[in-house]
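Trainee: Please model the complete structure; the sequences and the hints are all you need to start from.
First to last, the protein sequences are chains A, B and C. In this note's numbering, each residue carries its 1-based index in the first sequence increased by 16. In this note's numbering, each residue carries its 1-based index in the second sequence increased by 11. In this note's numbering, each residue carries its 1-based index in the third sequence increased by 48.
Watch out, some of these pointers could steer you wrong.
Unchecked claim - Label pairs and their calculated CB-CB ranges:
#, chain 1, residue 1, chain 2, residue 2, range
1, A, Arg230, B, Pro65, 41 to 47 Å
2, B, Ala27, A, Asp87, 56 to 62 Å
3, B, Val205, A, Leu25, 32 to 38 Å
What the hints contain is simulated information worked out from the structure, not anything from laboratory work. None of the values given here were measured: they were computed from a predicted structure. For every residue, glycine included, the Cβ atom is placed at its ideal position computed from N, Cα and C.
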Amino acid sequence: MRSYLLKRLPSAALVLLLASFVIFAILRLIPGDPATSLAGPDAGPEAVAAIRARLGLDQPFLTQYAGWLGDLLTGDLGPSYAIGGEVSELIGNGLGATVELTLAALLLVVVLGLAIGLVGATTRRPWVAGALRALTTAVLAVPPFVTGIALVLVFAVTLGLLPPGGHESVLDAPDLAVQYLLLPALCLALPSAAILGRYVKDGLERTLAEDYVRTATALGVPRKRIIRRHALPNALPPVVTVLGMQIGQLLGGAVLVEAIFAWPGLGQLAEQGVVRRDYPVVQDLLLLMVGVFVLVQLLTDLVYAWLDPRIRWE
Amino acid sequence: MALLLTRRRRPGLLSARGLTGLALVGAVALAGLFAPLLTSYDPVAQSDLALAGPGADHLLGTDDIGRDLFSRVLYGIRTDLLISFTAVPVGALLGCAFALLAATSRWADMSVQRLFDLILAFPGLILALAVTAILGPGALPVVIVIALAEIPGFGRQLRAGILVQREREYALAARVGGASRLRVLVRHVLPNAVDPLIVQGAVAMSVAVFIEGAMSFLGVGVRPPEPSLGSILSQSMAYLSTHPAFAIAPLTAVTALVLGFALIAEALNKGIRR
Amino acid sequence: MNALNSPLSNGLSRRNLLRAGGAGVALLALAACRSATDKSSEGAGASATPKRGGTLTLASGLDYTPSLLFAQSAMTHVQRLVFNTLTRYDDKLQPQPELATSWQLAADGKAVTFKLREDVLFHNGRKFTADDVIFAVKNLQNPVRSAQLRSTALAVTNFEKKGDFELTLTLAHPVSNLFDLFEFMIITDEATVEDAVNGKQLIGTGPFTLAGRNPGSSLSFKRNEKYWLPGRPYLDAVEIRVIPQADSLLSSLKTGQSQLSYDVLGKDVAALKGDSQYRVKEYATGAGAYYLGVNLSAPQVQDKRVRQALAWALDRDRLVKQALGGVGFPSSTPWPKSSPVYSEAGAAHYTHNPDKARALLKEAGVDTLTLPLAHANTPGGTAIAQILQYDLKQVGITVELQPTDSATMQKQLISQTMPALWTLSHGFAQLHPATLTVSAYPFNEAKNSSKFSSPEYTRIVQEAWNRADGDSAEAKALYQKISDTLLDEAFVIDLAVAGRTEVATGKVAGADLNKYAYLILDDAYLTA
Numbered sequence: 017m018r019s020y021l022l023k024r025l026p027s028a029a030l031v032l033l034l035a036s037f038v039i040f041a042i043l044r045l046i047p048g049d050p051a052t053s054l055a056g057p058d059a060g061p062e063a064v065a066a067i068r069a070r071l072g073l074d075q076p077f078l079t080q081y082a083g084w085l086g087d088l089l090t091g092d093l094g095p096s097y098a099i100g101g102e103v104s105e106l107i108g109n110g111l112g113a114t115v116e117l118t119l120a121a122l123l124l125v126v127v128l129g130l131a132i133g134l135v136g137a138t139t140r141r142p143w144v145a146g147a148l149r150a151l152t153t154a155v156l157a158v159p160p161f162v163t164g165i166a167l168v169l170v171f172a173v174t175l176g177l178l179p180p181g182g183h184e185s186v187l188d189a190p191d192l193a194v195q196y197l198l199l200p201a202l203c204l205a206l207p208s209a210a211i212l213g214r215y216v217k218d219g220l221e222r223t224l225a226e227d228y229v230r231t232a233t234a235l236g237v238p239r240k241r242i243i244r245r246h247a248l249p250n251a252l253p254p255v256v257t258v259l260g261m262q263i264g265q266l267l268g269g270a271v272l273v274e275a276i277f278a279w280p281g282l283g284q285l286a287e288q289g290v291v292r293r294d295y296p297v298v299q300d301l302l303l304l305m306v307g308v309f310v311l312v313q314l315l316t317d318l319v320y321a322w323l324d325p326r327i328r329w330e
Numbered sequence: 012m013a014l015l016l017t018r019r020r021r022p023g024l025l026s027a028r029g030l031t032g033l034a035l036v037g038a039v040a041l042a043g044l045f046a047p048l049l050t051s052y053d054p055v056a057q058s059d060l061a062l063a064g065p066g067a068d069h070l071l072g073t074d075d076i077g078r079d080l081f082s083r084v085l086y087g088i089r090t091d092l093l094i095s096f097t098a099v100p101v102g103a104l105l106g107c108a109f110a111l112l113a114a115t116s117r118w119a120d121m122s123v124q125r126l127f128d129l130i131l132a133f134p135g136l137i138l139a140l141a142v143t144a145i146l147g148p149g150a151l152p153v154v155i156v157i158a159l160a161e162i163p164g165f166g167r168q169l170r171a172g173i174l175v176q177r178e179r180e181y182a183l184a185a186r187v188g189g190a191s192r193l194r195v196l197v198r199h200v201l202p203n204a205v206d207p208l209i210v211q212g213a214v215a216m217s218v219a220v221f222i223e224g225a226m227s228f229l230g231v232g233v234r235p236p237e238p239s240l241g242s243i244l245s246q247s248m249a250y251l252s253t254h255p256a257f258a259i260a261p262l263t264a265v266t267a268l269v270l271g272f273a274l275i276a277e278a279l280n281k282g283i284r285r
Numbered sequence: 049m050n051a052l053n054s055p056l057s058n059g060l061s062r063r064n065l066l067r068a069g070g071a072g073v074a075l076l077a078l079a080a081c082r083s084a085t086d087k088s089s090e091g092a093g094a095s096a097t098p099k100r101g102g103t104l105t106l107a108s109g110l111d112y113t114p115s116l117l118f119a120q121s122a123m124t125h126v127q128r129l130v131f132n133t134l135t136r137y138d139d140k141l142q143p144q145p146e147l148a149t150s151w152q153l154a155a156d157g158k159a160v161t162f163k164l165r166e167d168v169l170f171h172n173g174r175k176f177t178a179d180d181v182i183f184a185v186k187n188l189q190n191p192v193r194s195a196q197l198r199s200t201a202l203a204v205t206n207f208e209k210k211g212d213f214e215l216t217l218t219l220a221h222p223v224s225n226l227f228d229l230f231e232f233m234i235i236t237d238e239a240t241v242e243d244a245v246n247g248k249q250l251i252g253t254g255p256f257t258l259a260g261r262n263p264g265s266s267l268s269f270k271r272n273e274k275y276w277l278p279g280r281p282y283l284d285a286v287e288i289r290v291i292p293q294a295d296s297l298l299s300s301l302k303t304g305q306s307q308l309s310y311d312v313l314g315k316d317v318a319a320l321k322g323d324s325q326y327r328v329k330e331y332a333t334g335a336g337a338y339y340l341g342v343n344l345s346a347p348q349v350q351d352k353r354v355r356q357a358l359a360w361a362l363d364r365d366r367l368v369k370q371a372l373g374g375v376g377f378p379s380s381t382p383w384p385k386s387s388p389v390y391s392e393a394g395a396a397h398y399t400h401n402p403d404k405a406r407a408l409l410k411e412a413g414v415d416t417l418t419l420p421l422a423h424a425n426t427p428g429g430t431a432i433a434q435i436l437q438y439d440l441k442q443v444g445i446t447v448e449l450q451p452t453d454s455a456t457m458q459k460q461l462i463s464q465t466m467p468a469l470w471t472l473s474h475g476f477a478q479l480h481p482a483t484l485t486v487s488a489y490p491f492n493e494a495k496n497s498s499k500f501s502s503p504e505y506t507r508i509v510q511e512a513w514n515r516a517d518g519d520s521a522e523a524k525a526l527y528q529k530i531s532d533t534l535l536d537e538a539f540v541i542d543l544a545v546a547g548r549t550e551v552a553t554g555k556v557a558g559a560d561l562n563k564y565a566y567l568i569l570d571d572a573y574l575t576a
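Mentor: Spelled out as structure tokens, the structure:
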């Protein structure tokens with residue numbers, strides 16, 4: 017296991033380093049800089065110059081880049097330029113909301129995915145299987161902004177059951193918070209649930225067709241028990257991989273879903289950071305997102321390897 | 012004909028799934044193609060009549076600045092298809108080029124793999140915001156973002172295909188026969204590894220429509236007043252509660268396109284696997 | 049078909065579904081307690097006697113930007129909650145006492161003496177004195193603060209204290225907009241001013257203290273128990289919620305989760321006006337006026353007649369109706385109706401007259417004209433730009449739209465690198481007209497985004513500004529000249545004037561804005 021990790025780690029670090037450079041360079045290629053954004057609508061050039069100097073934006077590109085990496089290594093993210101407050105605090109707050117959304121979505125993904133997979137694999141009625149297949153295809157293909165608008169049209173505009181967007185703190189008002197959470201979480205969860213459902217179904221069908229299952233069935237073991245004890249555990253490893261990949265997808269998809277439902281998470285923070293050219297916020301945030309993606313990939317590989325002994329540690 | 016009428020599972024595109032996909036994409040694409048015949052309204056002509064509901068004059072009503080929505084949706088379909096049919100081949104070519112490059116040496120393979128990782132790891136919509144901020148909004152940044160996003164998909168498919176094919180006997184035989192590595196790759200391995208790419212192509216079309224919509228949704232899509240499905244949708248958002256009809260036509264068109272391409276991809280995939 | 053005819057498979061899936069659904073049921077049970085979509089049922093009848101207590105929740109479309117504390121920006125809810133100003137204008141632009149109890153302007157207009165309140169404490173317990181006023185003026189003189197009123201603050205050259213509560217400011221020259229400065233200038237604590245612009249803390253003398261800030265989502269304020277105005281504020285706390293999406297903002301008002309907002313879109317305001325549950329009030333302040341800017345460094349628009357043709361080509365009525373949702377009024381001058389220089393003739397100077405536009409273009413010898421137009425890439429900005437583009441197309445001018453994000457647009461505005469045309473909104477026309485021409489970027493006589501300059505414009509602007517009698521008939525005649533010059537030169541083509549619109553549910557009474565749209569809640573209270 018350790019050697020496997022040692023083999024994977026350097027390339028993960030390399031991706032992170034490359035990403036940091038790309039992020040840093042792209043931000044500075046965008047016209048309009050934080051100093052003008054900070055200086056306000058009617059600032060003079062001297063005000064802009066003073067702010068540039070204070071923020072160190074007048075230094076050479078590579079010096080700034082090295083400075084940023086240095087700050088990262090010491091763990092000091094420093095203050096934000098335009099939004100205000102410490103970067104770590106901003107990211108912490110946004111992360112809270114995004115994780116709340118992602119976790120709720122993940123819960124829905126697991127519940128819906130397992131349900132779809134189990135029903136799909138074990139039903140004996142072709143129309144149920146067919147309907148499920150059509151449903152997962154549709155849900156998978158349709159982008160979240162379409163499902164988002166459709167959900168709002170149905171549940172908020174027509175039925176008036178749920179709010180069209182916004183956020184309430186779980187700590188302050190859990191009852192309201194759940195209502196705000198439902199639509200965005202569902203919108204975010206649907207495609208991943210469909211993918212998971214398919215994998216569960218495929219995995220179950222494959223294991224149910226294997227010899228030992230037939231033997232067990234022939235020996236009179238109840239089918240429920242077979243599925244719970246044998247088929248499901250054997251179908252799980254690929255499912256875990258898929259789930260791992262979906263966590264990355266969920267975090268990425270959260271950006272768009274947050275925009276649709278006015279959810280104050282990392283997606284909104286990133287958008288605001290780009291719009292106001294808040295370099296530190298955007299840089300750290302993007303690197304964090306890339307880092308999470310890389311980490312999730314790494315962990316998935318490890319968990320997969322751990323769950324499936326056929327994979328050797330080389 | 013007999014094949015079509017049998018109850019047996021039909022292969023590839025002719026499966027129920029494939030035909031549904033073709034029908035969906037076909038209907039939407041034809042509507043876009045024949046836009047000038049289907050409507051007499053100029054999609055950018057404005058009038059005093061804003062936010063009219065569906066009716067005889069304006070089939071789907073008008074938008075917030077008095078433009079005919081039916082016409083805008085039809086021409087918006089054109090924009091979406093044009094962007095997708097430009098961006099996807101570019102992404103495919105680039106992805107394949109990288110995959111071929113990867114096949115030349117271990118070191119190249121390693122670098123290309125990391126490049127794909129990097130592209131996949133980068134949040135796509137943030138990339139979209141950045142590219143548009145640099146180039147200014149318009150169709151070009153949308154094409155670039157889509158092409159970029161498609162590179163790893165095509166690249167990985169082809170790379171996997173090459174890895175399998177080049178260990179096959181015919182490839183080994185050609186090598187032994189003295190053909191150069193590149194020649195074997197291009198003449199022998201590539202043609203045999205191409206099938207999954209067609210599937211990937213259909214997936215990519217579906218993703219392309221998706222990305223156009225998402226970018227327009229965030230206000231960084233095609234340049235106004237040109238209509239695109241995403242931009243009409245994004246415009247309609249502000250009127251969801253007061254004029255829900257505004258959103259329904261673009262919503263339907265986007266869904267049909269994305270779903271149609273996805274169904275075609277699935278059908279092709281099943282066909283290949285047989 | 050019987051739902052139970054394959055008991056094994058269905059039994060299993062059903063049970064799992066149920067188990068899985070358990071979590072969902074628990075959530076729904078929780079959700080059943082209270083609904084986030086219930087319409088609040090309170091009537092609009094505000095009781096006459098103010099009541100103490102309660103928390104007012106305000107929905108804001110924008111977040112507070114600490115670095116712009118001293119510059120007027122789009123979000124100005126914080127300034128007058130945490131801080132005070134020396135004076136405050138009434139509806140006729142006459143200053144009224146706030147931290148200053150009285151003042152005396154020298155006959156030549158080159159000095160002003162203030163008497164200050166002696167019972168004012170900062171939130172940290174320190175006593176407010178004349179030194180704080182001196183610092184406040186110097187603070188605005190600092191270019192880094194980017195205060196729009198900096199040119200007026202710079203006219204102050206000397207400070208003379210007489211005890212702790214009397215102060216004379218000496219001016220280099222008289223200025224007609226002196227009290228525009230004191231309406232604008234918030235009194236801050238010198239020791240913590242850097243913390244304030246860095247978003248770490250806010251120490252002022254105002255009715256509320258900042259209790260917490262969650263960037264991007266909320267700000268909370270607590271009642272200042274030692275506020276100098278006896279018995280005020282009535283409210284125990286104020287909560288500002290940042291809700292960028294217009295629909296969500298509206299629904300937060302409708303469901304009673306917020307009670308007050310200044311950021312409801314025009315189209316929604318129009319819908320709420322007929323509803324007795326809401327009170328809608330329009331102010332002559334805020335971003336103020338929508339305009340089409342012309343950059344004179346583009347050779348095609350250097351001829352005045354071409355710019356006037358642009359002004360005649362535009363259908364301002366349609367723009368107000370379709371892009372602003374009917375809020376505001378079409379106007380070819382920047383002034384709101386409360387301005388001393390507003391006139392109907394001025395507002396209606398340019399009407400929608402494509403023929404006249406074509407004739408002027410012909411006169412200027414222009415056959416074909418293609419111009420780029422920068423606009424904000426927001427739905428509202430894009431709608432306005434498309435209307436302008438279409439109207440100009442009708443007179444033969446091709447316009448290429450350049451959707452631009454706000455940071456880039458601002459850089460172009462400040463660095464005078466706008467394309468030939470751009471559209472934005474501007475403020476500062478709600479005060480003494482001189483303020484517009486020495487403070488707001490598009491109009492600034494010394495340096496503006498249009499790169500327009502003329503000795504005549506400079507002369508009348510300086511003459512209107514360098515005088516003590518800002519409200520005299522002579523001053524008004526000069527303001528009129530400024531207005532006429534703006535119309536004639538057409539380097540800023542005004543389209544419509546629309547101030548801030550207050551939407552309050554029936555529960556709220558007594559909210560107010562000053563002339564810079566600073567939110568004032570000293571007298572606000574909840575009726576329910």
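Trainee: All the hints need checking, so say for each whether the structure fits it.
Mentor: Consistency of the hints with the structure:
A beta carbon spacing of about 59 Å between Arg230(A) and Pro65(B) contradicts the range 41 to 47 Å that was offered as a hint. One distance hint, 56 to 62 Å for the beta-carbon pair Ala27(B) and Asp87(A), holds here, with the actual separation near 58 Å. Restraint check, Val205(B) to Leu25(A): a C-beta distance of roughly 35 Å satisfies the suggested window 32 to 38 Å.
Checked against the numbered hints listed earlier, the structure breaks hint 1 alone; every other hint is satisfied.
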